[in-house]
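Novice: Each chain, letter by letter, is given below.
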Amino acid sequence: MKGNEAFAEAAIRAGADGYFGYPITPQSEVMEYLMAEKPHERTGMIVLQAESEVAAINMVYGGAATGKRVMTSSSSPGISLKQEGISYLCGAELPCLIMNAVRGGPGLGTIQPSQSDYFQSTKGGGHGDYRLLVLAPASVQEMADFARLGFDLAFKYRNPVLVLSDGAIGQMMEKVYLDPQRPRFTDEEIKQNTPWATTGKTPDRERNIITSLALESAKMEQHNIALQAKYRQMEEEEVRYEKIGCDDAEYAFVAYGTSSRICQKAIQLAREQGIKVGLMRPITLFPFPKKIIAQMTSRVKGILVVEMSAGQMVEDVRLAVEGRVKVEHFGRFGGIIPSPVEVVEALKKQIIGG
Amino acid sequence: MTEEIIIAGFGGQGVLSMGKILAYSGVMQDKEVSWMPSYGPEMRGGTANVTVIISDERISSPILNAYDTAIILNQQSMDKFESTVKPGGILIYDPNGITRHPERKDISIYSIEAAEKAGELGLSKVFNMIVLGGFLKLKPIVSMEYIHKGLQKSLPARHHVLIPENEKAIEVGKELIKAKQTLN
Amino acid sequence: MAEAIVNTELIQPENLVYKRTELLTPNALSYCPGCGHGTAHRIIMEVIEEMGIQSETIGIAPVGCSVLAYDFMNIDMQQAAHGRAPALATAAKRLNPKKYVFTYQGDGDLAAIGTAETIHACNRGENIVIIFINNGIYGMTGGQMAPTTLPGMKSSTSPYGRDVAMMGNPLKITELVAQLPGTLYVTRQAVHTPVAVRKAKKAVRKAFENTKLNKGLSFIEIVSNCNSGWKMTPRKANDWMVENMFPFYPLGDIKVNE
Chain B
1 MKGNEAFAEA
11 AIRAGADGYF
21 GYPITPQSEV
31 MEYLMAEKPH
41 ERTGMIVLQA
51 ESEVAAINMV
61 YGGAATGKRV
71 MTSSSSPGIS
81 LKQEGISYLC
91 GAELPCLIMN
101 AVRGGPGLGT
111 IQPSQSDYFQ
121 STKGGGHGDY
131 RLLVLAPASV
141 QEMADFARLG
151 FDLAFKYRNP
161 VLVLSDGAIG
171 QMMEKVYLDP
181 QRPRFTDEEI
191 KQNTPWATTG
201 KTPDRERNII
211 TSLALESAKM
221 EQHNIALQAK
231 YRQMEEEEVR
241 YEKIGCDDAE
251 YAFVAYGTSS
261 RICQKAIQLA
271 REQGIKVGLM
281 RPITLFPFPK
291 KIIAQMTSRV
301 KGILVVEMSA
311 GQMVEDVRLA
321 VEGRVKVEHF
331 GRFGGIIPSP
341 VEVVEALKKQ
351 IIGG
Chain P
1 MTEEIIIAGF
11 GGQGVLSMGK
21 ILAYSGVMQD
31 KEVSWMPSYG
41 PEMRGGTANV
51 TVIISDERIS
61 SPILNAYDTA
71 IILNQQSMDK
81 FESTVKPGGI
91 LIYDPNGITR
101 HPERKDISIY
111 SIEAAEKAGE
121 LGLSKVFNMI
131 VLGGFLKLKP
141 IVSMEYIHKG
151 LQKSLPARHH
161 VLIPENEKAI
171 EVGKELIKAK
181 QTLN
Chain U
1 MAEAIVNTEL
11 IQPENLVYKR
21 TELLTPNALS
31 YCPGCGHGTA
41 HRIIMEVIEE
51 MGIQSETIGI
61 APVGCSVLAY
71 DFMNIDMQQA
81 AHGRAPALAT
91 AAKRLNPKKY
101 VFTYQGDGDL
111 AAIGTAETIH
121 ACNRGENIVI
131 IFINNGIYGM
141 TGGQMAPTTL
151 PGMKSSTSPY
161 GRDVAMMGNP
171 LKITELVAQL
181 PGTLYVTRQA
191 VHTPVAVRKA
201 KKAVRKAFEN
211 TKLNKGLSFI
221 EIVSNCNSGW
231 KMTPRKANDW
241 MVENMFPFYP
251 LGDIKVNE
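Protein chains in written order, with this note's numbering: chain B, 1 to 354; chain P, 1 to 184; chain U, 1 to 258.
Please note: incorrect hints may appear among the correct ones.
[As the list claims (entries may be wrong)] One-sided and incomplete, this derived list gives chain B residues near chain P with beta-carbon spacing under 7 Å:
no.	residue
1	Gln171
2	Met172
3	Glu174
4	Leu178
5	Ile262
6	Ser339
7	Pro340
8	Lys349
9	Gln350
[Unchecked claim] Subject to a maximum C-alpha distance of 27 Å in a straight line, what follows is the list of computed DSS-like cross-link-like pairs (lysine-lysine):
no.	chain 1	residue 1	chain 2	residue 2
10	P	Lys105	P	Lys86
11	U	Lys98	B	Lys191
12	U	Lys215	B	Lys38
13	U	Lys206	U	Lys172
14	B	Lys38	P	Lys153
15	U	Lys172	U	Lys154
16	B	Lys38	U	Lys212
Just so you know, the hints here were simulated from the structure itself, not pulled from any lab data. By construction, the Cβ of each residue, glycine as well, lies at the ideal position given by its N, Cα and C atoms.
Bound-form chain B, shown alone (with noise of 0.2 Å):
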């Protein structure tokens, strides 16, 4: 299966009450996965192509509001369309699952795969104070793993979780395993998971209102205090990583993604050169793994950052390892995936030999 399929079966499979998107390469399989798989015949879940990605987030708004499991795709350009409803659903704190198949910018770029939204991922992106849960596959197993533990951490911190996927995980295909069908929530599930959903007021309770408005600036003080609770909580438990022959490493690579799977085989070919070289792999972008990363610096000489990107990561990198050890960032960008041996020349040159 590619990618984006896994993904979209994934999620019908994770129970997924809707879906609601608008096409843009590569990730438009999503969606037409999802329109040929009949989900409405297999589960009941809803997908509707929007008219915007603009409608398409908000849709994500309106049905996440009544205490459903929905979610979105799409790639960069598209992203950036959804920022302003990604503001309104963390303001509003509500759950749902957003894919970004990552391609090359600025502006309309190109359609080849690119790591280049790190930032708008992790600092924000929209406008306000907030962070989303970023988990970043680098496999179509991922793909497909991320889609149902996306749901369900949307879900325990009634946020969005967004999965930053890029187009080479996207089209790729690779062997992969499914869960079993999970069934979507009943009406009386979601009174009892989400009591404050906007399923209409019964006479047992006070209505419930979901905004993300506040007009009393004490008030929204009290609201954004709260938001950092939260997001200092997910950086106590939703940390993840994978660290790749690290127990005997020299040097370090730090990668996410299609840069991680790169950094693998460089991986192999530095070893068959003699230089010992791990790989720590960020699983959660925010939460950033940082004290992990801070706790190699007692072990390897120096890191290199690979990014298919300008330098982003690398910035959070070096904060974890305040100047301890020497960290350096290598890149390709605007749809170019660096080659293993890319990688490695890299790594002799900027961290070894510099």
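With the hints as your guide, set chains P and U onto chain B.
Specialist: Below, chains P and U without anything else, positioned relative to chain B:
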């Protein structure tokens, strides 16, 4: 066992689907696989290529610099990928439309006149399977039993009637492939 | 100041002629005195009460003066980003097909920034109700020109009057959505007189009843005043509305399908 393959040619030659059938067959045989296309905006025409990796172990990078086997179906792809075959590796090409033949001395080179044969036999729709047959003759990394399952998996049900034709084409390809240069 | 004289003898259940619906909260309305929003809120809430559908209704509030509609309407409500209420309503309704879903939007929200969402929700025939308050101006932000501002009409961003050559024409979006196959019922009403209020309430009732038919979208424009934005007294604003707005935006049903 790890086999790293690039298949490259024109869009519409069945490059991506050849890779897909190979990848699905690998999955059926319980191998680890990855299928990584280079994708472009156009649906037809233009160049197309796909990296297929079949392995007994977890696959690291789906994108590579160097390949065990290159299957080349047009001149642009020859220019681009001849140099990427690992020393000692294999290059398979269809000479149809090729103006500059491969020149490397450190690899094995095979030709397969699949386009011509497909025309002769009225099998032009399964031209790519003839080429795949040639590859499987040299590198039987998946057995025909699993190729059959791979065809079932990757072809839509309405095309399952064409599976025998596909399999016939693979057999034709096995006979057709010719060594031009083999290493000792 | 004279003390208020309250005739306690008159306050008897049998003398009750009017009662605020329980579906309006006790919160004092934040709208300017003389504004039509309060009356529009009331008739919608009365209809929901009369139909007994409070527990099945989801309202969507927009950005604009009615951004705080949920402070006054005692039902479950979602507050939308500017212009996006029909998108929220689309999903809320599709995922909860037994519920009654309505949006409550002003002219800037519905006919400028949210035009795409409006047209497409109408064209898809979403089984929802859209209530559109048209007062020809952006009230909340201080009286700027709206898509429905009349030719020659002054606003803070058309201080010499709307020059259509420069600023474009007012948009009759209600006539526009009536052309779309997805709309079932399209009407234009007002709430400036008791007779108009009764008619408008009937239209709202019909729109909510239509939801049960599952045959398309019901769209009700309510032409209203914005006395603050128009820089007039409430009384004068209503007269001006009758003389100027109604000729351009004539009241009555535009499309009534069954």
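Novice: All hints are to be evaluated individually against the structure, with a verdict given for each.
Specialist: Evaluation of the provided hints:
Hint on B:Gln171 holds. Least Cβ distance to chain P is approximately 6 Å, under the 7 Å limit. A hinted interface residue such as B:Met172 counts as satisfied when its beta carbon comes closer than 7 Å to some beta carbon of chain P; here the least separation is about 4 Å, so the hint holds. With 7 Å as the threshold, the beta carbon of B:Glu174 comes within range of chain P, its nearest partner Cβ sitting at about 5 Å, so the hint holds. With a cut of 7 Å, the hint placing B:Leu178 at the interface with chain P is violated, because the nearest CB-to-CB distance is about 13 Å.
A cut of 7 Å between beta carbons decides the hint on B:Ile262: the least distance to chain P is about 5 Å, and the hint holds. Restraint check, B:Ser339 versus chain P: the minimum CB separation of about 4 Å is within 7 Å; hint holds. For B:Pro340, the interface hint holds, the least distance from its beta-carbon to any beta-carbon of chain P being 5 Å, beneath 7 Å. Against a cut-off of 7 Å between C-beta atoms, the interface hint on B:Lys349 is violated, since the closest Cβ of chain P lies about 17 Å away.
Checking B:Gln350 against chain P by beta carbon gives a least distance of about 19 Å; that is not within 7 Å, so the hint is violated. Simply put, P:Lys105 and P:Lys86 have alpha-carbon atoms about 12 Å apart, close enough for the 27 Å limit, and the pair holds. Taking the CA atoms of U:Lys98 and B:Lys191, the gap is near 16 Å; set against the 27 Å cutoff, the hint holds. Between U:Lys215 and B:Lys38 the alpha-carbon distance is near 23 Å, which keeps this suggested pair within the 27 Å criterion.
Only pairs whose Cα atoms come within 27 Å are accepted, and U:Lys206 paired with U:Lys172 is accepted, the gap being roughly 22 Å. With a C-alpha separation of about 20 Å, the suggested pairing of B:Lys38 with P:Lys153 holds against the 27 Å cut-off. Our distance criterion of 27 Å between C-alpha atoms is met by U:Lys172 and U:Lys154, whose separation comes to about 18 Å. Taking the CA atoms of B:Lys38 and U:Lys212, the gap is about 25 Å. The hint holds against a cut of 27 Å.
Figure legend: structure checked against the earlier numbered hints; hints not met, in rising order: 4, 8, 9.
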